[in-house]
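Undergrad: Residue numbers (the numbering used here), protein chains in the order written: chain W, 1 to 383; chain L, 384 to 458.
Any given hint could turn out to be false.
Stated by the list, open to error - Listed next, with one range per pair, are the computed distances between beta-carbon atoms: (1) L:S431 x W:L187: 23 to 33 Å; (2) L:S431 x W:Q189: 53 to 63 Å; (3) L:S431 x W:K300: 20 to 30 Å; (4) L:G418 x W:L187: 39 to 49 Å; (5) L:D416 x W:G156: 25 to 35 Å; (6) W:G117 x L:E426: 21 to 31 Å; (7) L:F447 x W:A184: 54 to 64 Å.
If you're looking for bench data, these hints aren't it; they were derived computationally from the structure.
Glycine included, every Cβ here is placed at the ideal spot set by N, Cα and C.
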Amino acid sequence: MAVIGAGKTPFGAFADRDLRSLAVEAGERCLRNAGVSPGQVESFFLGNFAGPSFVGQNHLAPYISTALNIKDVPATRFEAACASSGSAFFHAWLEVASGVYDIVMVVGVEKMTSQPGPRVTEILAAAGDAATEMKAGSTFASLFAMIARRHMYQYGTKREHLSAVAVKNHANGALNPDAHMRKAITLEQALAGKPVADPLNLYDCSLVSDGAAAVILAPLDRASEFTAKPVRVLAVAQASDFVALDQKADITTFPAVSLAARRAYQMAGMGPKDIQFAEIHDCFTIAEIVATEDLGFVKKGEGGPYAAAGCSARTGVLPVNASGGLKAKGHPVGATGVAQLCDLVQQIRGEAGERQVPRHSIGLAQNLGGSGATCVVTILGEA
Amino acid sequence: MRTGTVYTETVIYSAPEAFTKDVPYQTAIVSLDGGGRVTGRVEGDRVSIDDRVIEVEIRDGVPFFRKIDPASGLQ
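With the rest of the complex left out, here is chain L (with noise of 0.2 Å):
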């Protein structure tokens, strides 16, 4: 499981056809710990730029990120 820090993000209100359904949701940019960033999706609670994440799946070649709670020890 990758993990990594948000680089940014934003909540999308007003989506492409295949992606009405979703809405609203939280993609991201995340600089990974191995180097390098990605663009995914955020599950769970909002996260804001310097978020700790991590990821959960990859959908589709997408990863989907979660929050990563300071209270669980994970950095």
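The following block holds chain W by itself, in its conformation from the complex (with noise of 0.2 Å):
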């Protein structure tokens, strides 16, 4: 299988647009993207969180892809929290796997930016246990607050690694002309940050953006009937958990994304050491530790010491979130598995830019929902 097309909307704060209109303008560059007219769509997928709690819109699938005027097809949401359209990506691939569509549209977005603070603290909070981790007060950054606290005592994590890995994706971010921070920071400034949760301050927390990013997808013997740069599908997996983090028996490890991550590479047929640049769901900083752990690009407790020497920098061994991630390229949930889709192909077709990796042939996306409770693994590979 292939992606034949990408494409996305810059992330930011636009006051002036609307859920609709981002996901317009992502899937109408996706659409030229890969040659495809909105006729030849036989599916639809819709990847958002909460644009009824953001907006008060809902039904979006066929809201959005009738604007797009892909008409009469399948148009189905999905919601996996911070992993929905990675969510959506995966039961399209099984789609196209299984016969039944060939040319399948996978669009995500979120509109997080008209509601206050607080309210979008709320909105995020019901990710989690609403029953008990929201009843007590809880907050995302405060979930991973807790996992940061633990990692810290179980494997002698220091702030300073969570600051190196704001440090370096606030970097490439910079050199991301679609990224809704394009600000580098010094360490003392990652350090300095205003507290959100202990131990985590404002520059180890993703932004609240809006945007929307667009995939399609189609067998890769169809591929050149569109495209002349497919990208090829080696690999995708969907695993889950707990949502809530007490049912949890380790909460220095995402079990969804180590399980996701080994079907990946089994159906790939390859290994950690394989993959030569990834996009991790860096949501909070602890979050990229722990995932380039549970991904096996490093062993388990050595994630921090792992940033902190530069090797997941644009040009160290295996470069993690070129594009900024979702700390410094923003954080639409909705849209985020796709954009790092999005973000893979643009790399793999060397079209990165500034950005681009020096070794870009293979590359791997892992969107996680919540505080761990889905995590979707993708590879991708040049066709």
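Using the supplied hints, reconstruct the complex from the two chains, each of which is provided in its own coordinate frame.
TA: This is how it looks when you write it as structure tokens:
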């Protein structure tokens, strides 16, 4: 199978843009990029976390597909917190793999900035356990803060290691014209951010953003009908785990990440050492550290020193989040999974400009929902 | 009154709408002596991982814990 086209909007806080116009912009860019006309799309998948809460609109999949002039076809929305569009992509892949449809489009979108900060925090917190975590006043930052505390306790991870991730991703984001935050920061700045949930400060947290992203899937043997630059889908896998953190045996690891990664590596017939670059779900700096361990890039507990040593820098042994990641590129939650795939496609095609990584024929994307209850791992490669 | 040990904790400065008046406040996951873990709030002194705590009340389904003073004799 192949991704035959990709397109996204810049990420940012766009007061004059609504959810649908963002999705349509990404969708139209993707159709053009793929060389596909709206009438050729046979099935439509939408990833969106909280449109009903953020903008008061439900029934979003046909709301957007019809605006793209994609008529009559099945149009379905997927919700899996921050892994909504990763999950939509996984299910679109299943549909093409099954042979039912050939040309399938996946759009991810979120419009977050029309709500005040405390309301955004509340909407995001609903991706946790409403009866226990939310009632106790937990925020998403607080859940990842508790993961960070425990990771520090068990493995000696340092505050500076968390900040090293922030510094790296901000440096990458500064090179990305579509990033929400195009500003490099120093380690001193990253350490001195306003406290959000101890030990996490503002610079450990991803951004509240508006944005959309889209890709189109097709069987590899039909890709040349549409594009000269197909990108191969080597593997995609989804796994799940408890929603509430207090149900997990060990919160310093995301079993859904390890499991999805294991299945994906098996499907692709490769291992972590074959991955040349990655887009990882750094909703918080600690999440990138834990994911690099769970994906097998580094031994358990050594994700902090790995980042601090520059291994995951754009010029390191395995560049992670050359796009700037959720931290600097931005995190419109429902768009993130597909946006990561757009970043992989751009790198694999060698079209990433200043942030192009040196080795770019095989890339991995890891999209996480909540505090680890959903994970989708995708491996893309040169066709 | 349930007792337990702090598995992990955080102090929240940036809160959801309904909790902004409480900021800053501490939440923790507590490993209960009777088995299992629960998410709750911490009252009084701040706690760290491995501190012993006792449940002082359950408010709207949420357990509130307090640090056990090692000198109190409670384990």
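Undergrad: Now look at each hint and say whether the structure bears it out.
TA: Comparing the hints with the structure gives:
At about 26 Å, the CB distance of S431 of chain L to L187 of chain W agrees with the hint of 23 to 33 Å. As the Cβ distance of S431 of chain L to Q189 of chain W is approximately 27 Å, the hint placing it in 53 to 63 Å is violated. Distance hint for S431 of chain L and K300 of chain W: a CB-CB separation of about 23 Å, consistent with the stated range 20 to 30 Å. Roughly 43 Å separates the CB atoms of G418 of chain L and L187 of chain W, a value that falls within the hinted 39 to 49 Å.
At roughly 28 Å, the beta-carbon separation of D416 of chain L and G156 of chain W lies within the given 25 to 35 Å, and the hint holds. Roughly 26 Å separates the CB atoms of G117 of chain W and E426 of chain L, a value that falls within the hinted 21 to 31 Å. Our hint of 54 to 64 Å for F447 of chain L and A184 of chain W is violated, since their Cβ atoms are close to 43 Å apart.
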